[in-house]
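> One-letter residues, chain by chain:
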Amino acid sequence: MPDQVGLELIAGQLASKIPGAVRQTTFFRGRGSVEIEPATVRGVLASLRADHGYRALMSVHGVDYYPQEPRLGVHYELLDMERVDRLTVKLRVALAEPRVESVTPDWPTADHQEREIYDMFGVQFDGHPDLRRILMPEDYEGHPQRRDFPIGGEPVLFTHNDATGPGWTR
Amino acid sequence: MSTRSRYRAQEESITLSPLEEQIAAQRGGETTELLTLNIGPHHPATHGVLRLLVTLEGEIVRELKPIVGYVHTGIEKTAEQKAYWKVIPVIERMDYLSYYFNAMAFCGAVETLLECEVPKRAQYLRVIHLELNRIMSHLVWLGTSALDLGAISMFWYCFRERETILDLFEFSSGQRMHTRYFQVGGVMEDIPAGFEAKLREFIAIMPGRADQYADLLRRNEILLQRLRGVCPLDEETLLGLGVTGPLLRAAGNPWDLRKAAPYTSYEDFEFKIPVGTVGDNYDRFAVRLAEIYESVKIIEQALDGLPEGPHITEDRKIALPPRHELATSMEALIHHFKLVTEGFRVPPGEIYYPIESPRGELGCFIRSDGSSKPARVHMRDPSFVNLQATAPMVRGAYIADLIATLAMLDPILGGIDR
Amino acid sequence: MALTREPIEPGSLRARQMLARDMLRGDLEGFELEQHVEQSLLLTTLDKAVAWGRSNSIYPATFGLACCAIEMMSVVAARVDIARFGWEAFRASPRQADLLILSGRVSIKMAPVVRRIYDQMLEPKWAIAMGACSSSMGVFNNYAIVPADKFMPIDVHVPGCPPRPEALMHGILKLRKMIQDDPDMGWRERYDAEGTEEVLEGAEPAGA
Numbered sequence: 000m001p002d003q004v005g006l007e008l009i010a011g012q013l014a015s016k017i018p019g020a021v022r023q024t025t026f027f028r029g030r031g032s033v034e035i036e037p038a039t040v041r042g043v044l045a046s047l048r049a050d051h052g053y054r055a056l057m058s059v060h061g062v063d064y065y066p067q068e069p070r071l072g073v074h075y076e077l078l079d080m081e082r083v084d085r086l087t088v089k090l091r092v093a094l095a096e097p098r099v100e101s102v103t104p105d106w107p108t109a110d111h112q113e114r115e116i117y118d119m120f121g122v123q124f125d126g127h128p129d130l131r132r133i134l135m136p137e138d139y140e141g142h143p144q145r146r147d148f149p150i151g152g153e154p155v156l157f158t159h160n161d162a163t164g165p166g167w168t169r
Numbered sequence: 000m001s002t003r004s005r006y007r008a009q010e011e012s013i014t015l016s017p018l019e020e021q022i023a024a025q026r027g028g029e030t031t032e033l034l035t036l037n038i039g040p041h042h043p044a045t046h047g048v049l050r051l052l053v054t055l056e057g058e059i060v061r062e063l064k065p066i067v068g069y070v071h072t073g074i075e076k077t078a079e080q081k082a083y084w085k086v087i088p089v090i091e092r093m094d095y096l097s098y099y100f101n102a103m104a105f106c107g108a109v110e111t112l113l114e115c116e117v118p119k120r121a122q123y124l125r126v127i128h129l130e131l132n133r134i135m136s137h138l139v140w141l142g143t144s145a146l147d148l149g150a151i152s153m154f155w156y157c158f159r160e161r162e163t164i165l166d167l168f169e170f171s172s173g174q175r176m177h178t179r180y181f182q183v184g185g186v187m188e189d190i191p192a193g194f195e196a197k198l199r200e201f202i203a204i205m206p207g208r209a210d211q212y213a214d215l216l217r218r219n220e221i222l223l224q225r226l227r228g229v230c231p232l233d234e235e236t237l238l239g240l241g242v243t244g245p246l247l248r249a250a251g252n253p254w255d256l257r258k259a260a261p262y263t264s265y266e267d268f269e270f271k272i273p274v275g276t277v278g279d280n281y282d283r284f285a286v287r288l289a290e291i292y293e294s295v296k297i298i299e300q301a302l303d304g305l306p307e308g309p310h311i312t313e314d315r316k317i318a319l320p321p322r323h324e325l326a327t328s329m330e331a332l333i334h335h336f337k338l339v340t341e342g343f344r345v346p347p348g349e350i351y352y353p354i355e356s357p358r359g360e361l362g363c364f365i366r367s368d369g370s371s372k373p374a375r376v377h378m379r380d381p382s383f384v385n386l387q388a389t390a391p392m393v394r395g396a397y398i399a400d401l402i403a404t405l406a407m408l409d410p411i412l413g414g415i416d417r
Numbered sequence: 000m001a002l003t004r005e006p007i008e009p010g011s012l013r014a015r016q017m018l019a020r021d022m023l024r025g026d027l028e029g030f031e032l033e034q035h036v037e038q039s040l041l042l043t044t045l046d047k048a049v050a051w052g053r054s055n056s057i058y059p060a061t062f063g064l065a066c067c068a069i070e071m072m073s074v075v076a077a078r079v080d081i082a083r084f085g086w087e088a089f090r091a092s093p094r095q096a097d098l099l100i101l102s103g104r105v106s107i108k109m110a111p112v113v114r115r116i117y118d119q120m121l122e123p124k125w126a127i128a129m130g131a132c133s134s135s136m137g138v139f140n141n142y143a144i145v146p147a148d149k150f151m152p153i154d155v156h157v158p159g160c161p162p163r164p165e166a167l168m169h170g171i172l173k174l175r176k177m178i179q180d181d182p183d184m185g186w187r188e189r190y191d192a193e194g195t196e197e198v199l200e201g202a203e204p205a206g207a
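Residue numbers (numbering that gives the first Met the number 0), protein chains in the order written: chain V, 0 to 169; chain S, 0 to 417; chain Z, 0 to 207.
Chain V extracted, bound-state conformation (with noise of 0.2 Å):
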């Protein structure tokens, strides 16, 4: 993990190659981070891989801070492997343009794991090769890991509700 101030220089080095990149960093439980503008994480990505040897994304998953906003977030975790070194970039976009440049054609291994934030969150991934559902049915509405979404479920069946339950039994 890089210490503090080699997060600083990273983040310093992204800010001069693009304007603009960086909105924060944080350095938490001895890991470092770096929020940067949504527009920019191609090239974001590209730089640290070309300039900084994250050659490795492990990791791309969604959050939701609701009730914050920006609502939705991604995370894109990427790894060092001859330092050993990780980092988080993180970029946060809002419910009413929920669109993110697609990393797939320069990490392939984004390609599954962007399905999956648009199918649980909603996230437009532009340029991704293929964006459809991947865990829930592919006619399913809604997008079932933001925190308003229902958790649903079917409710538990006692003595008293057991013949007005949902038609389980006879």
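Zero decoy hints are in this set.
Listed below are the simulated BS3-like cross-link pairs for lysine-lysine, each with C-alpha atoms no more than 27 Å apart in a straight line:
{"hint": "1", "chain 1": "V", "residue 1": "Lys89", "chain 2": "S", "residue 2": "Lys81"}
{"hint": "2", "chain 1": "Z", "residue 1": "Lys47", "chain 2": "Z", "residue 2": "Lys176"}
{"hint": "3", "chain 1": "S", "residue 1": "Lys372", "chain 2": "V", "residue 2": "Lys89"}
Derived by calculation from the structure, the hints in this document are not laboratory data.
Starting from the structure of chain V, add chains S and Z where the hints point.
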């Protein structure tokens, strides 16, 4: 139904002619007809409910599209509804062959957020159970893969050893699978008397049994013909696809989180990382078989060096106090009450905690908002990412090789679909 | 208190009780006696033999969904051996299988697939819901899972998460006993298939 859903219309608009034209161009104009076949989700050879759309030219696979989601359980969303302690049984059922690893990733992430120290004895006990689980997962893989390839007896031999391991799990935690043994801050209970003796018996016989499996399979003519040189994939492509674990090690890259970024006292143990050379199916098979021996070594070292001490953190705000304290100490009672009803609160923050599971890097991402329930739990499951490597591997191979490759890939659909 | 007389419907429990009383008294004879004996004895010896054979050579369908599938594999393995009862021939094709052991959680994407597989099986067929997730919602009570009772008739529910192989074996033995005693188990009623019987000329349709 006269109205077609958008999905059906899209499905009908898929045309294979670009692919056919591509193949024709490669062949100098000779056209061929492609057949798209649906394998699964109910199929004896897919490991779990995996659906594959295979485009075949004769018997050669030209294109492969995996369709998953048939065992999607909403585990991550369920975890948001429960206190941290109660998430552990839910999150264990994700990758259902390596349940200790799921719990380890989650507990490790929560402990990092809490900045909680795990006692040394608990760390060693965790290592013992993790490595036992790794052996068990590899045994099930070996049994079912050999079953796919036709070596049916292997299934019964491997499950014989698996029963011994499950007996050990039942001895230490009371439950065979999904034991809820790992808790935040340590392990649920100390190992009972007699566990160490039984475990030593097991590790005395396991290398011999693994030798027997190796003798049965390693030089078997049929296995060699089905696995040697079949569906290799080079390291660069694998790294681009985010593949880790035995698949990457079979291609020659010795990346193992137990050595690279040790957690839970893995740095105290001496063990080797088996690495393959070519990256074909045979190497994947050999790497997993060799990992069984290494895991036995780790368990033996952990057992020899097992330190005395508490089995869970002494911080009463995180771990339940022992029952005998409840009768005498008011604070213990209050802590017990708070922990059972509400659970401990975790300071706000986000953390990603990766460990090495039998299939690759298993990472747990937790976002905490300061309350007693996690605000987001995401498991980076290795099988989910490794599945993307199936298509590059099998393009150009026979459909029988596809079955063998799926077996060697070791996908666990519970982890893929979560 | 007014005395009321209600007619007894033939075939109801009260009518059968009175017929049984008459038979015990020796008051039934001739055609009535034969009819009564036919109606009250559930199985002839031949039926019993067929039921015994069926119960001891069930072909389960390979239908492992999730964690319970691993414990189902343990039932096939050597310690808790399902082959003792003749059930080891797991068939891949539902057309050749009698029994669907639903082992694991049924997600909403999978439920239509399960139903289609169950429909493809030939009668007589049985289903065991193994584990808590398929019987009820199990550990997960959320948007993504369906309990199996909602879309297909289940004969035996085996609780557990996952049920021990011995528990599954207990459920299997219960099902075997049920098949031996009464292979139909009113499956037409369970399956809502009244009116699908084929009635040969001159014969009477089977009683409800």
